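J.: Sequence:
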Amino acid sequence: MKIDLIFEGGGVLGLSFIGAYKSLFNQGFDIERCGGTSAGSIIASLIMAGYLPDELETIIMNTDFNKFTKKTKTGKLPLLGRWISLFTNNGLYDSRYLEEWLNDLLKVKGIESFGDVYRNGNTKLKIIASDVTKRKMLVLPDDLVDYGINPKTFSIAKAVRMSCNIPLYFTPVKLEYEKGSSLIVDGGLLSSYPIWLFDEDSKWPTIGLKIRDVMSNSYNGKDGFYSYIKDLIDTTTNRDETNFIKNEDLVRTIIIDYNEKIDTKDFTLSNTQIKELYTNGFNCTENYLNHETFLKDLKINWSKIVREQLSRKN
Numbered sequence: 001m002k003i004d005l006i007f008e009g010g011g012v013l014g015l016s017f018i019g020a021y022k023s024l025f026n027q028g029f030d031i032e033r034c035g036g037t038s039a040g041s042i043i044a045s046l047i048m049a050g051y052l053p054d055e056l057e058t059i060i061m062n063t064d065f066n067k068f069t070k071k072t073k074t075g076k077l078p079l080l081g082r083w084i085s086l087f088t089n090n091g092l093y094d095s096r097y098l099e100e101w102l103n104d105l106l107k108v109k110g111i112e113s114f115g116d117v118y119r120n121g122n123t124k125l126k127i128i129a130s131d132v133t134k135r136k137m138l139v140l141p142d143d144l145v146d147y148g149i150n151p152k153t154f155s156i157a158k159a160v161r162m163s164c165n166i167p168l169y170f171t172p173v174k175l176e177y178e179k180g181s182s183l184i185v186d187g188g189l190l191s192s193y194p195i196w197l198f199d200e201d202s203k204w205p206t207i208g209l210k211i212r213d214v215m216s217n218s219y220n221g222k223d224g225f226y227s228y229i230k231d232l233i234d235t236t237t238n239r240d241e242t243n244f245i246k247n248e249d250l251v252r253t254i255i256i257d258y259n260e261k262i263d264t265k266d267f268t269l270s271n272t273q274i275k276e277l278y279t280n281g282f283n284c285t286e287n288y289l290n291h292e293t294f295l296k297d298l299k300i301n302w303s304k305i306v307r308e309q310l311s312r313k314n
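Each residue of the sequence shown is one higher than the one before, counting from 1 in UniProt numbering.
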């Protein structure tokens, strides 16, 4: 069965999406297009590059995620370095390592720019980012034309880095174009779960993968400046959108559970924790797919989307 697949953001919790991908793969789903935000955009890009579930499992089990939190030059200064970096670089950590790491993985499959994943004039990969300069959501690569940039020549790894740039945590990416420049940050700031990405051109059902929402520090009675900053950042990477998801979107959404002892920004994960996230993603997806009404509801939902699509054209 052909499907489009959408991934929510979620920081390191997004590793569970690889287990979910394994379940979908085992059950014979043919993934035609992928979209995602933040951590979800990483998995989406690797799938569209041609990576199989077992290959991705090997990659995450052999990746030192601690390297993703590389300090800026000012951040390395003693005592007040982190605060100086925050005020001078608009972030605590430099996200360039993520771009380099992903670019190397994509090159292995012969993929670098969005043009490499175009089919019949359309991209098979869409990524959400946020332009804080223009105060608008970006659907990459489509919206690059508004900046006078050719979507087909734009680096996928750079687009993913833009989508993953958690505000205040990572330094924003500066997107330069003929008429100026914009600061680009995490897509989760404006749309953490873009389940709608392919609905305007729906050729088959869409399945969305979403991390179960976590309660904030303040909700759990933890006050103070640090807890406030942490909640502010977590709102970008793993905010509660469930109440705002339409019923017809819930029937095509697989919600993945996780161990709340694992924080969305814990880049010091052990292999045991990585395996736990992977296994949770696999098991939760299996439970949904094995439910007797899931596929039936999915097809009914898609039929409704197609009818709405045709009515708009008429």
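These are calculated hints, taken from the structure and not from any lab test. Because the structure is a prediction, the values reported are computed rather than measured. Here a beta-carbon is modelled for each residue, glycine too, at the ideal position from N, C-alpha and C. Watch out, some of these pointers could steer you wrong.
Said to hold, decoys possible - Lysine-lysine pairs mimicking DSS-like chemistry, simulated, CA-CA at most 25 Å apart:
{"hint": "1", "residue 1": "K76", "residue 2": "K174"}
{"hint": "2", "residue 1": "K2", "residue 2": "K70"}
{"hint": "3", "residue 1": "K158", "residue 2": "K179"}
{"hint": "4", "residue 1": "K73", "residue 2": "K2"}
{"hint": "5", "residue 1": "K158", "residue 2": "K107"}
{"hint": "6", "residue 1": "K174", "residue 2": "K71"}
{"hint": "7", "residue 1": "K158", "residue 2": "K70"}
{"hint": "8", "residue 1": "K2", "residue 2": "K203"}
{"hint": "9", "residue 1": "K275", "residue 2": "K261"}
{"hint": "10", "residue 1": "K73", "residue 2": "K304"}
{"hint": "11", "residue 1": "K124", "residue 2": "K203"}
{"hint": "12", "residue 1": "K70", "residue 2": "K261"}
{"hint": "13", "residue 1": "K299", "residue 2": "K70"}
{"hint": "14", "residue 1": "K265", "residue 2": "K275"}
{"hint": "15", "residue 1": "K67", "residue 2": "K107"}
{"hint": "16", "residue 1": "K299", "residue 2": "K2"}
{"hint": "17", "residue 1": "K152", "residue 2": "K134"}
{"hint": "18", "residue 1": "K203", "residue 2": "K134"}
{"hint": "19", "residue 1": "K174", "residue 2": "K73"}
{"hint": "20", "residue 1": "K2", "residue 2": "K304"}
{"hint": "21", "residue 1": "K67", "residue 2": "K134"}
{"hint": "22", "residue 1": "K203", "residue 2": "K174"}
{"hint": "23", "residue 1": "K109", "residue 2": "K134"}
{"hint": "24", "residue 1": "K174", "residue 2": "K67"}
{"hint": "25", "residue 1": "K158", "residue 2": "K71"}
{"hint": "26", "residue 1": "K265", "residue 2": "K71"}
{"hint": "27", "residue 1": "K174", "residue 2": "K275"}
{"hint": "28", "residue 1": "K109", "residue 2": "K73"}
{"hint": "29", "residue 1": "K203", "residue 2": "K296"}
{"hint": "30", "residue 1": "K136", "residue 2": "K152"}
{"hint": "31", "residue 1": "K136", "residue 2": "K158"}
{"hint": "32", "residue 1": "K124", "residue 2": "K136"}
Unchecked claim - Derived CB-CB ranges, DEER-like:
{"hint": "33", "residue 1": "E178", "residue 2": "N290", "range": "50 to 56 Å"}
{"hint": "34", "residue 1": "I84", "residue 2": "N287", "range": "43 to 49 Å"}
{"hint": "35", "residue 1": "S181", "residue 2": "D213", "range": "15 to 21 Å"}
{"hint": "36", "residue 1": "G28", "residue 2": "D201", "range": "30 to 36 Å"}
{"hint": "37", "residue 1": "T268", "residue 2": "K2", "range": "34 to 40 Å"}
{"hint": "38", "residue 1": "K203", "residue 2": "V108", "range": "24 to 30 Å"}
{"hint": "39", "residue 1": "T58", "residue 2": "K304", "range": "35 to 41 Å"}
{"hint": "40", "residue 1": "D30", "residue 2": "D213", "range": "27 to 33 Å"}
J.: If you check each hint against the structure, which ones fail?
T.: Numbers 2, 4, 10, 13, 18, 21, 22, 23, 27, 28, 35, 36 - these are the hints that the structure violates, sorted from lowest upward.
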